[in-house]
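Novice: Listed below are the residues making up each chain.
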Amino acid sequence: MQTVKEKEKEKKMVAEPNIFTKQRLTGSEILVRSLIEEGVEHVFGYPGGVVIPVFDKLYNLSRPKIVLCRHEQGAQHMADGYARASGKVGVCLVTSGPAATNLVTGIATSFMDSIPVVHLTGQVGTTAIGNDAFQEVDIIGITRPITKHSYLVRDVNEITRTIKEAFYIARTGRPGPVLVDLPKDVLLSETEFHYPETVNIPGYKPTENGHIQQIRKAAEVMATAKRPVLYVGGGAIASNAAGELNELAHKTNIPVTTTLLGLGAFPENDPLSLGMLGMHGTWYSNMAVNECDLLIAVGSRFDDRVTGKVDAFAPKAKFIHIDIDPASISKNIKVDYPIVGSCRSVLKDLLPLVQTSDTHDWLEMIGHWKQTHPLKYKKSEKIKPQYVIEAIHEVCGDDTILSSDVGQHQMWLALHYKFIKPRTNVTSGGLGTMGFGFPAAIGAALASPGRKVVAVVGDGGFQMTAQEISTAVGQRLEIIVAIINNGFLGMVRQWQELFFGKRYSHTCLEYTNPDFVKLVEAYGAVGMRVERHDEVVPVLQKAMQVKNLPVFIDFRVDRHENVFPMIPPGKMATDIIE
Amino acid sequence: MQQHTISLLVENKFGVQARIANLFSGKGYNMDSICVAETENPELSRMTIVTTGDDMVIEQIIKQLNRLINVLKVVDLTFEDHINRELALIKINCTATTRSSIIQIADIFQAKIVDISPKTLTIEVTGGHSKVQACINMLQPFGIKEMARTGIVALRREYTGRSPDWSSSKIPA
Ligand SMILES: Cc1ncc(C[n+]2csc(CCOP(=O)(O)OP(=O)(O)O)c2C)c(N)n1
Numbered sequence: 045m046q047t048v049k050e051k052e053k054e055k056k057m058v059a060e061p062n063i064f065t066k067q068r069l070t071g072s073e074i075l076v077r078s079l080i081e082e083g084v085e086h087v088f089g090y091p092g093g094v095v096i097p098v099f100d101k102l103y104n105l106s107r108p109k110i111v112l113c114r115h116e117q118g119a120q121h122m123a124d125g126y127a128r129a130s131g132k133v134g135v136c137l138v139t140s141g142p143a144a145t146n147l148v149t150g151i152a153t154s155f156m157d158s159i160p161v162v163h164l165t166g167q168v169g170t171t172a173i174g175n176d177a178f179q180e181v182d183i184i185g186i187t188r189p190i191t192k193h194s195y196l197v198r199d200v201n202e203i204t205r206t207i208k209e210a211f212y213i214a215r216t217g218r219p220g221p222v223l224v225d226l227p228k229d230v231l232l233s234e235t236e237f238h239y240p241e242t243v244n245i246p247g248y249k250p251t252e253n254g255h256i257q258q259i260r261k262a263a264e265v266m267a268t269a270k271r272p273v274l275y276v277g278g279g280a281i282a283s284n285a286a287g288e289l290n291e292l293a294h295k296t297n298i299p300v301t302t303t304l305l306g307l308g309a310f311p312e313n314d315p316l317s318l319g320m321l322g323m324h325g326t327w328y329s330n331m332a333v334n335e336c337d338l339l340i341a342v343g344s345r346f347d348d349r350v351t352g353k354v355d356a357f358a359p360k361a362k363f364i365h366i367d368i369d370p371a372s373i374s375k376n377i378k379v380d381y382p383i384v385g386s387c388r389s390v391l392k393d394l395l396p397l398v399q400t401s402d403t404h405d406w407l408e409m410i411g412h413w414k415q416t417h418p419l420k421y422k423k424s425e426k427i428k429p430q431y432v433i434e435a436i437h438e439v440c441g442d443d444t445i446l447s448s449d450v451g452q453h454q455m456w457l458a459l460h461y462k463f464i465k466p467r468t469n470v471t472s473g474g475l476g477t478m479g480f481g482f483p484a485a486i487g488a489a490l491a492s493p494g495r496k497v498v499a500v501v502g503d504g505g506f507q508m509t510a511q512e513i514s515t516a517v518g519q520r521l522e523i524i525v526a527i528i529n530n531g532f533l534g535m536v537r538q539w540q541e542l543f544f545g546k547r548y549s550h551t552c553l554e555y556t557n558p559d560f561v562k563l564v565e566a567y568g569a570v571g572m573r574v575e576r577h578d579e580v581v582p583v584l585q586k587a588m589q590v591k592n593l594p595v596f597i598d599f600r601v602d603r604h605e606n607v608f609p610m611i612p613p614g615k616m617a618t619d620i621i622e
Numbered sequence: 005m006q007q008h009t010i011s012l013l014v015e016n017k018f019g020v021q022a023r024i025a026n027l028f029s030g031k032g033y034n035m036d037s038i039c040v041a042e043t044e045n046p047e048l049s050r051m052t053i054v055t056t057g058d059d060m061v062i063e064q065i066i067k068q069l070n071r072l073i074n075v076l077k078v079v080d081l082t083f084e085d086h087i088n089r090e091l092a093l094i095k096i097n098c099t100a101t102t103r104s105s106i107i108q109i110a111d112i113f114q115a116k117i118v119d120i121s122p123k124t125l126t127i128e129v130t131g132g133h134s135k136v137q138a139c140i141n142m143l144q145p146f147g148i149k150e151m152a153r154t155g156i157v158a159l160r161r162e163y164t165g166r167s168p169d170w171s172s173s174k175i176p177a
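Going down the list, the protein sequences come from chains A and B.
Per the numbering used here, the very first residue in the first sequence carries number 45; after that it's consecutive.
Per the numbering used here, the very first residue in the second sequence carries number 5; after that it's consecutive.
Just so you know, the hints here were simulated from the structure itself, not pulled from any lab data.
The reader is advised that the hints may include incorrect statements.
To be verified - Chain A regions said to be covered by chain B (calculated; three or more residues, Cβ under 8 Å):
no.: 1; region: 180-193
no.: 2; region: 239-251
no.: 3; region: 363-371
To be verified - Only pairs whose alpha carbons sit at most 30 Å apart, straight line, appear in this in silico DSS-like list of lysine-lysine:
no.: 4; chain 1: A; residue 1: K375; chain 2: B; residue 2: K95
no.: 5; chain 1: A; residue 1: K465; chain 2: A; residue 2: K562
no.: 6; chain 1: A; residue 1: K132; chain 2: B; residue 2: K67
no.: 7; chain 1: B; residue 1: K67; chain 2: A; residue 2: K392
no.: 8; chain 1: B; residue 1: K77; chain 2: A; residue 2: K249
no.: 9; chain 1: B; residue 1: K77; chain 2: A; residue 2: K375
no.: 10; chain 1: B; residue 1: K67; chain 2: A; residue 2: K261
no.: 11; chain 1: A; residue 1: K375; chain 2: B; residue 2: K31
No residue lacks a Cβ here, since even glycine has one placed at the ideal position from N, Cα and C.
All chains should be modelled from the sequences, with the hints used to inform the complete structure.
Specialist: This is the structure we're talking about:
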């Protein structure tokens with residue numbers, strides 16, 4: 045491996061590119077200048093034929109800095125995690141063909157959760173497009189249903205405007221992934237650099253502020269409701285509305301339940317917090333929604349993992365729905381009081397209009413439910429995964445950013461970790477992408493210098509993107525990766541246990557799993573193993589002390605633990621299994 | 005379930021039609037017909053889509069279309085006073101004996117004979133969907149050899165006595 049000194053020396057040997065002084069710039073240079081104009085600090089990427097000139101221009105720059113991943117899917121999840129943790133636009137840069145298709149799962153992940161990521165893909169030369177040229181793929185066509193918007197740049201003069209628009213579209217309105225396809229000849233042709241100051245997209249004017257008449261009506265209904273519930277989703281985080289939400293809940297005394305993506309929007313140690321709702325939500329949040337007379341949806345979209353059987357969801361309630369995307373409103377459930385606008389702006393306008401509601405009896409009833417149906421798990425000699433989650437919170441504190449993969453561990457984290465602050469929860473909700481958690485933690489860590497990042501992953505999902513250990517080591521990131529190792533594809537095993545007569549078809553990984561400690565050590569990372577309950581906290585504390593390297597902890601947890609509560613698929617709140 | 009005629013103003017750019025077709029296929033919406041061409045402004049195209057669905061589906065279709073960046077205006081013309089027209093080219097088998105009956109039918113529909121051969125006649129008929137359908141039904145017994153229909157194009161009537169309702173569009177009229 046090169047030492048830092050050697051690297052510096054090598055850098056000096058290469059002539060500085062004068063992209064800031066030259067009259068005419070190549071497409072690649074214009075692209076790099078445009079990224080600088082957008083304030084991009086990190087570009088998650090992987091080189092290849094068409095984008096070599098772009099990588100060349102980025103070679104000596106400290107900003108943007110290329111973060112070299114080991115698989116383009118990893119780069120995409122890193123950019124996504126970066127965006128979730130920081131609220132800034134994540135950026136990916138990869139070459140054409142197979143590199144572009146490697147992004148697809150990640151783009152769909154960002155699309156489902158409305159995460160702003162700009163993807164720059166190389167493309168074969170404009171005259172070769174359509175000829176089945178080497179490494180040609182119609183990536184615009186492939187990603188059309190999973191991008192907010194996409195561009196094929198056909199002229200070097202269009203690069204600046206396109207990049208400006210791509211970033212603007214990605215981060216405004218309902219955020220989402222944008223793809224910019226850059227043909228080889230466009231990257232090589234020359235023109236002058238002029239970065240536009242403003243965007244003008246006639247067909248794109250997202251509604252930021254809610255209709256005041258509608259907001260007034262909402263305030264009126266809220267005042268008369270006897271059993272109201274705030275149902276908060278990722279939109280509250282995307283629009284940075286946690287402060288306003290907190291004020292609203294306390295001013296009105298309305299309890300708050302969040303979706304998986306809404307975790308962190310409202311502090312879970314607050315007496316008004318009901319935790320997460322839905323398939324694996326708390327008993328009391330699901331019961332509160334079942335009994336409520338007014339459900340105030342804030343940046344949430346009535347996803348089927350939340351509603352279960354749609355006709356039986358909140359059967360006694362009227363609905364207020366605040367969302368920036370009109371298409372989210374009345375999609376699954378007919379809403380009584382729609383308000384189109386960003387959550388933050390609408391809550392701001394709503395705040396002075398609401399009164400303290402008399403929810404005393406309602407909160408008392410909920411308090412009783414919390415006592416009689418608390419979140420629980422059986423304590424035992426074996427390491428309980430829920431205990432590991434609690435220990436992580438205890439050792440790492442409220443400010444830590446948690447990313448998770450997909451499966452049982454994700455649900456345990458959502459239930460047993462008490463999220464306090466927004467943007468501390470990085471998880472793939474809508475698509476449920478295994479392999480997301482670890483690379484997303486790398487992105488989150490790069491976005492948040494000085495803050496601890498912990499990835500909670502399953503032994504299955506971790507192996508889907510484990511190659512990124514190299515990236516984490518290369519970046520000297522002090523992240524902790526907690527592998528909740530149950531030797532199974534646990535969530536699938538749980539369904540097999542409950543719904544398929546315990547026929548564990550192809551879900552046991554135990555005998556073929558690698559030795560995770562040896563595996564990460566081979567990459568130069570730190571590996572630790574925990575096999576006893578009383579080692580959980582001390583090992584986590586030890587991991588917190590490790591400097592300049594990622595730590596991977598193999599937690600050998602109880603293999604047969606299940607996630608409860610659970611509302612079986614397609615069932616209703618009252619069918620909940622505790 | 006009702007048939008709706010939706011009129012769109014879209015940017016006349018590469019890939020826009022594909023985006024719209026993709027939306028319909030991806031979301032499983034019906035597309036009974038789609039018709040598109042440049043408008044008086046070469047930067048814009050007008051698209052007329054005929055689709056079928058219940059109220060909630062139609063509401064979603066309009067909202068989803070509005071979400072597309074290249075779409076400037078979406079109007080559901082179904083309950084507006086509007087003109088709609090379709091054109092069909094119908095090639096019918098004929099013999100010396102049936103030829104005059106076919107021409108008579110064409111006359112009734114104010115259709116034109118646009119091509120003739122010893123064994124066929126090609127008729128061009130325009131009108132609302134039901135008129136074109138009626139003409140086709142009348143010609144069916146003679147044996148339709150080939151047919152091409154444009155699908156509906158539509159525009160809102162100007163003098164309806166009401167102010168135009170562009171409420172579902174993104175930019176004010
Ligand atoms: C890419 C992908 N493939 C398959 C699935 C289906 N799936 C959901 S959870 C799960 C099991 C995950 O197992 P593991 O990573 O070990 O986590 P655990 O559930 O044991 O905590 C699977 C296979 C998925 N969500 N994503």
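Novice: It remains to establish, for every hint, whether it holds in the given structure.
Specialist: Outcome of the hint check:
Residues of the region 180-193 of chain A with a Cβ under 8 Å from some Cβ of chain B number 6, which satisfies the need for three, so the listed coverage holds. With 5 residues bearing a CB less than 8 Å from a CB of chain B, the region 239-251 of chain A meets the requirement of three and the coverage assertion stands. Only residues whose C-beta sits within less than 8 Å of a C-beta in chain B count toward coverage, and the region 363-371 of chain A has 3 of them, enough to reach three; the restraint holds. Distance hint between K375 (chain A) and K95 (chain B) is unfulfilled; the C-alpha atoms sit about 45 Å from each other, more than 30 Å.
The suggested pairing of K465 (chain A) with K562 (chain A) is violated, with an alpha-carbon distance near 35 Å, which exceeds 30 Å. For the given pair, K132 (chain A) sits about 27 Å from K67 (chain B) by alpha-carbon distance, which is consistent with the 30 Å threshold. Under the criterion of a C-alpha separation no larger than 30 Å, the hint pairing K67 (chain B) with K392 (chain A) is consistent with the structure, at around 25 Å. Among the hinted pairs, K77 (chain B) with K249 (chain A) is consistent with the structure: their alpha-carbon atoms are about 12 Å apart, no more than 30 Å.
As the CA atoms of K77 (chain B) and K375 (chain A) are separated by approximately 21 Å, the hinted pair is consistent with the 30 Å bound. For the proposed pair K67 (chain B) and K261 (chain A), the alpha carbon gap of about 23 Å is at most 30 Å, so the pair holds. For the hint linking K375 (chain A) to K31 (chain B), the alpha-carbon distance of about 12 Å falls within 30 Å, and the restraint holds.
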